Amino acid sequence: MEAITLNALTKVYGKEKTVAVNEVSFAVEKGELFGLIGPDGAGKTSIFRMLTTVLLPDGGSATVNGFDVEKDYKQIRSSVGYMPGKFSLYPDLSIEENLNFFATVFNTTVAENYDLIRDIYVQIEPFKKRRAGKLSGGMKQKLALCCALIHKPTVLFLDEPTTGVDPVSRKEFWEMLKRLKAQNITIVVSTPYMDEAALCDRIALMQDGKILSIDAPENISKAYPDSLFAVRADHMYALLNNLARYEKTLNSYAFGEYAHVALQSGIDEAVESAALKSWLESAGLKDVEVQPATPDIEDCFIRLATVHQAAVIK
Amino acid sequence: MTQLITFIKKEFHHVLRDRKTLLILFGMPVVQILIFGFALTNEVKNSKIVVVDHAHDEVSTEIISKIEASRYFEIESFVDGPLGIEGAFQEGHAKAAIVFPANFARDLQHQNSAQVQIIADATDPNNATALTNYLSSIIQDYQSAMNKSAVFPYRIIPETKMLYNPQLKGAPNFVPGVMAMVLMLVCVMMTAISIVKEKETGTMEVLLVSPFRPALVILSKAIPYLLLSLVNVGSILLLSVFVLDLPVNGSLLLLLAESTLFIITCLTLGIFISIKTDSQQTAMLISLMGMLLPTVLFSGFMFPIENMPIPLQVISNIVPAKWYYLIVKDIMIKGLGFEAIWKETLILVGITLFLFFISLKSFKIRLA
Amino acid sequence: MNDLSNRAISIKADLLTKRYGDFIAADALSFEVYKGEIFGFLGANGAGKTTAMRMLCGLSLPSSGSATIAGFDIYRETEKIKKNIGYMSQKFSLYEDLTVLENIRFYGGIYGLSDGAIKEKSEAIIARLGLQSEADKLVSALPLGWKQKLAFSVAILHQPHIVFLDEPTGGVDPVTRRQFWDLIYEAAEEGVTVFVTTHYMDEAEYCNRISIMVDGRIEALDTPHNLKQQFQADSMDDVFYKLARQAKRVDL
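Residue numbers (our numbering), protein chains in the order written: chain A, 219 to 532; chain B, 264 to 631; chain C, 519 to 770.
Mixed in with the good hints, there may be bad ones.
Just the calculated beta-carbon pair ranges, DEER-fashion [stated by the list, open to error]:
#, chain 1, residue 1, chain 2, residue 2, range
1, C, 597, A, 441, 51 to 59 Å
2, B, 566, C, 614, 53 to 61 Å
3, B, 541, C, 624, 25 to 33 Å
4, B, 476, A, 309, 18 to 26 Å
5, B, 476, A, 343, 30 to 38 Å
6, C, 624, B, 566, 23 to 31 Å
7, C, 614, B, 625, 21 to 29 Å
8, A, 500, C, 704, 22 to 30 Å
9, A, 441, B, 282, 56 to 64 Å
10, C, 704, A, 529, 40 to 48 Å
11, B, 519, A, 286, 45 to 53 Å
12, B, 479, C, 548, 30 to 38 Å
13, B, 282, C, 737, 50 to 58 Å
Hints in this document: simulated from the structure, not taken from any laboratory.
All figures in this text were calculated on a predicted structure; none of them were measured in a lab.
A virtual CB, placed ideally from N, CA and C, is assigned to each residue, including glycine.
Please take these sequences and the hints and turn them into a complete structure.
Below is the structure:
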């Protein structure tokens, strides 16, 4: 059964009629870990707000647990957990006070659902008397997650829970999500970090209020149509400049210690890498290394976003 | 119910942990009362007066020397008539004048009574009252000394006249004014800010996405401030009774009941502002400019409403503080009962109901 | 570029320490950053990055140790330091209620550029970023990535020796993030030293050298390539994880 459905959901803001969410449709299965992947301004937060019933759609419809987000907002509000983008805690209340407060607001007690949060809570429990405003990003994030889980929601909405959090805390956070998923909680999470996409069951890549692609992360990678090469040389800046000039280049960009370059598919990879290598060397670069690369979500996003951008400009 | 209690507890945590706000909250009324109290102190020393002596006789000269001998007064100059007095007042050389009519001593001897006129500059009404009282008592003293040796009692009748502000509006009644101001500030501004703060930090979003009824959010915000405001009313009254010797002449219970009504009016106003604004800054500005300023201007506490142009007088009627000010003045100073203030009370109730209704109308269960 | 050590030194820190009571936020930091280098400054939340960066920018005085920024002493010459550095953070950088042009003019004015220079610079920035049709729009109307690119251009408007970037690309999309790094490369080519913090480990790879802070100390400092060898890791992500996992200081 589907936990969440969106049908041409649309949100428009302000006098200038900025379309934040543009006829977005998708469905999330029960127990799925679903990722909304996209940069700031892609429309992720607006979607979250409409699904959690704090914002009315300007078009289309959506359901959560079978309830309509407009008409049945009361039922939805009592069955979902929500962690908005800015960790919504009271900075002048302690960890313990925050948790107790949210438990009461949701008509429950910490003891009643302690099982669900135990794994996470034990990590912050030694500091339970400390005020939330004095916690670091990683700790706040854990507390916020505890607060969102305390009433045992069936669907959990997490809006950019890992933004501004260091890589170690991010990793820990995703491990917590995996454990929650095992408890059969449907989780919708948004993130601007492409590397986190691979940890979701399915993802929607978003840009400018539109969905660029929606599928399991590995399928999105498989669907990458061009031939991708990873290139390295002694001088990154010169390498990037040269790759952009190479006549067969569809797209090229820095990618960690390598530069990625997308070339037309259907070519002999060995021949092509050799040609590219010698061309780069003739341009004066040294220690050139060219090898075929497997596209990951970031490559896919860059490609889709570039195509999307080109379409918008046209 | 437990939900509501938890919520209210949380509000108290917010208030009690914010030391600076707490200091303002409870320090402000004290400071205001003390500032007003001492700024308006009745102490008079070496006040300059002008003398118009049309009599130039033995009695007038004696009284003048008595005045000069007192530590309260210093004679600035002798002038000829009303023009001289007004000139001295306007230039600020003197705050009061004493006028002896011609034939002062003769009238006193032949008719056993004579009039003397005391004129005060009443732009500072408190001071003016004090000066006229002191002058009158000096004359009184002189008269009783004279009567000891007299067969028939002599009577010198001081006729006092206030220039510029004949009704002596304002100052002695500052306690009710400060009460109106403080309650306005605490209830309207603090309530508005505390609700808007939740919008800003995003906690409102989480509260909205909870089974907790949004109206309860608002209610639980209002209750702590109601209690805090009552504490303030108490501290103002204690100060005014014990420090400023200004007793509550009427029923204390009635005064507290009316104060609670006014606090509720202010709370609904604060809630209305919070519904309409999204940032603490805006909420603060609206509360200060839109609420506090009219309270000071139109409650009649600083500026007499009767002297205002008609349109402003009309506007003053929608300022809740005006009605509360009238009520407190009647109870505290005039010692009147409910029968004297039922009309004002009714108006306050009306304003409150109206605010409550439009707040309810514009209340949103969503973000936008 | 590989032989940085022959270059002039831009930042030199020697046993730089900051204590808050018993707590040592930054513990005896010693490192050098060369002119024109892109220097990545990594660490988990709470490792002491912000503290260190504040000291280097002249915003807070060290408890002990010494440092020079562009040759100026961080104790005695903070005013000179401020004239010679640019600073950009993720949170604050531009005035949202001013237009693109007004922002450029404002910052140009702050750094005492002449009207002619400001005009020339404004045109150059707008042309470089392709903001011609947005020049008179409010900054609040721009997408985040564009704002950040503009903020960077403004931060180097006065041709500083060093530019400090505090998580400049947080939340920015992958395409714009790379355009942002193109700007960094360009600036470095022109000799500006770039001192940057980031949570994106792929961006760490773009730096010439990286330092990783753990519990207030610099635990590793080398080129990305050497660090990966040293820690026998496939990616910077692994290196970071291996180092940060040892952190004893509770993430406060």
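Now for the hints, and whether the structure bears them out:
Restraint check, residue 597 of chain C to residue 441 of chain A: a C-beta distance of roughly 57 Å satisfies the suggested window 51 to 59 Å. A C-beta distance of roughly 41 Å is found between residue 566 of chain B and residue 614 of chain C, which places it outside the suggested range of 53 to 61 Å. The supplied range of 25 to 33 Å is met by residue 541 of chain B and residue 624 of chain C, whose beta-carbon atoms lie about 26 Å from each other. The given range of 18 to 26 Å is respected by residue 476 of chain B and residue 309 of chain A, whose C-beta atoms sit roughly 25 Å from each other.
For residue 476 of chain B and residue 343 of chain A, the Cβ-Cβ distance of about 31 Å falls inside the hinted range of 30 to 38 Å, so the restraint holds. Between residue 624 of chain C and residue 566 of chain B the C-beta distance comes to about 43 Å, which lies outside the given range of 23 to 31 Å. Separated by about 27 Å at the C-beta atoms, residue 614 of chain C and residue 625 of chain B satisfy the suggested range of 21 to 29 Å. About 24 Å separates the C-beta atoms of residue 500 of chain A and residue 704 of chain C, a value consistent with the hinted range of 22 to 30 Å.
For the pair residue 441 of chain A and residue 282 of chain B, the beta carbons lie near 59 Å from each other, so the given range of 56 to 64 Å is met. Separated by about 28 Å at the C-beta atoms, residue 704 of chain C and residue 529 of chain A break the suggested range of 40 to 48 Å. For residue 519 of chain B and residue 286 of chain A, the hinted distance range of 45 to 53 Å is satisfied, since their beta carbons lie about 49 Å from each other. Between residue 479 of chain B and residue 548 of chain C the CB atoms are about 58 Å apart, so this pair departs from the stated range of 30 to 38 Å.
The hinted range of 50 to 58 Å is not satisfied by residue 282 of chain B and residue 737 of chain C, whose Cβ atoms lie roughly 39 Å apart.
Taken one by one, the earlier hints fail for this structure at numbers 2, 6, 10, 12, 13, listed in ascending order.
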